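When you line the sequence shown up against this note's numbering, it's residues 90 to 306, in that order.
Keep in mind that the hints were calculated from the coordinates and are not lab data.
These numbers come from a predicted model, not from an experiment.
Check each hint, because a few of them may be wrong.
Below 25 Å or equal to it, Euclidean Cα-Cα: the simulated PhoX-like pairs (lysine-lysine) are [what the hints assert, rightly or not]:
1) K138 with K97
2) K182 with K97
3) K276 with K97
4) K264 with K276
5) K276 with K255
6) K182 with K138
Each pair of labels, with its calculated beta carbon distance range [what the hints assert, rightly or not]:
7) A107 with D211: 40 to 48 Å
8) I109 with L224: 31 to 39 Å
9) I109 with Q203: 32 to 40 Å
10) E180 with N100: 17 to 25 Å
11) Q203 with E259: 16 to 24 Å
12) T262 with A177: 22 to 30 Å
13) S296 with T147: 16 to 24 Å
Cβ coordinates follow ideal geometry from the N, Cα and C atoms, glycine included.
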Amino acid sequence: MWAVIPIKNVNEAKHRLASILSPNERRELFVAMFEDVLTTVLAVPRLEKVVVATVCPTACGIAKRHGASVLSTGQDEGQTAAVANTAAALESKGVEGLLMLPGDIPLVTTEEIQAVLEVHGDSPAMTIVPARDELGSNCIALSPPNAAPLRFGSNSYCPHLDTARKLGLELHTPKLPGIGLDIDTPKDLMELCRQPTRTRAQEYLRSQGITERFRVC
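Construct the entire structure; sequences and hints are all you get.
Following this line, the structure appears as structure tokens:
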């Protein structure tokens with residue numbers, strides 16, 4: 090199983106937080122979240138390889154610094170296109186499975202990723218960890234990598250369930266709180282600040298006075 094983290098241009102990240110964060114703050118927060126996710130994924134021994142799918146120079150530099158591989162997506166595409174192109178590339182290399190995680194789930198843990206790998210069925214299979222509102226798909230394990238077309242967005246979870254069932258894939262849907270919290274809105278940011286953990290993202294918010302400024306803790 091290879092892990093894939095698709096990353097768009099970090100300078101354009103998290104526009105839905107524009108009402109409370111400046112462009113630079115959004116950028117730095119996203120970089121911190123990406124590093125949280127990347128270092129956690131790299132610490133999971135059962136993953137054969139960790140790939141960052143991106144054309145963003147900043148993301149490429151971070152990936153290489155931490156020892157992850159980089160796969161160029163050709164252009165700054167959306168998550169759906171980036172994952173689809175990466176899945177095709179992995180399948181052409183004979184990779185048996187794909188584990189997709191976004192770069193904005195800073196509370197993800199190695200234990201949660203291991204839980205996904207443990208529950209994931211024999212090929213052909215699909216495992217989906219939903220967002221906490223059960224609208225989005227925050228993590229997907231798929232074997233083989235092209236076993237099903239993936240579509241991402243705020244309402245991707247139910248369509249993915251329908252696709253897996255129609256294709257007859259072995260389906261699992263574990264609920265995991267760290268993976269389930271993706272940081273898209275001010276409400277999500279408030280929830281992140283309330284958590285007692287000490288991720289890079291949380292430390293950034295505290296060090297810049299953002300937590301106190303918006304009184305979200």
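Do the hints match the structure? See the list:
1. Pair hint K138 plus K97 holds up; C-alpha atoms about 20 Å apart against a cutoff of 25 Å.
2. Distance check on the hinted pair: K182 and K97 sit about 24 Å apart at the alpha-carbon level, within 25 Å; holds.
3. About 22 Å separates the Cα atoms of K276 and K97, which keeps this hinted pair within 25 Å; it holds.
4. Taking the CA atoms of K264 and K276, the gap is about 20 Å. The hint holds against a cut of 25 Å.
5. Between K276 and K255 the alpha-carbon distance is near 35 Å, which puts this suggested pair outside the 25 Å criterion.
6. Taking the CA atoms of K182 and K138, the gap is about 13 Å. The hint holds against a cut of 25 Å.
7. Judged by the Cβ atoms, the range 40 to 48 Å given for A107 and D211 holds: they are separated by roughly 44 Å.
8. Look at I109 against L224: about 22 Å separates their beta carbons, and that is not inside 31 to 39 Å.
9. As the Cβ distance of I109 to Q203 is approximately 34 Å, the hint placing it in 32 to 40 Å holds.
10. Distance hint check for E180 and N100: the Cβ-Cβ separation is about 31 Å, which falls outside the suggested range of 17 to 25 Å.
11. For the pair Q203 and E259, the supplied restraint of 16 to 24 Å holds, since their beta-carbon distance comes to about 19 Å.
12. Here the CB-CB span from T262 to A177 is close to 25 Å, well matched to the stated 22 to 30 Å.
13. A hinted range of 16 to 24 Å holds for the C-beta pair S296 and T147, which are about 19 Å apart.
Checked against the numbered hints above, the structure violates hints 5, 8 and 10; every other hint is satisfied.
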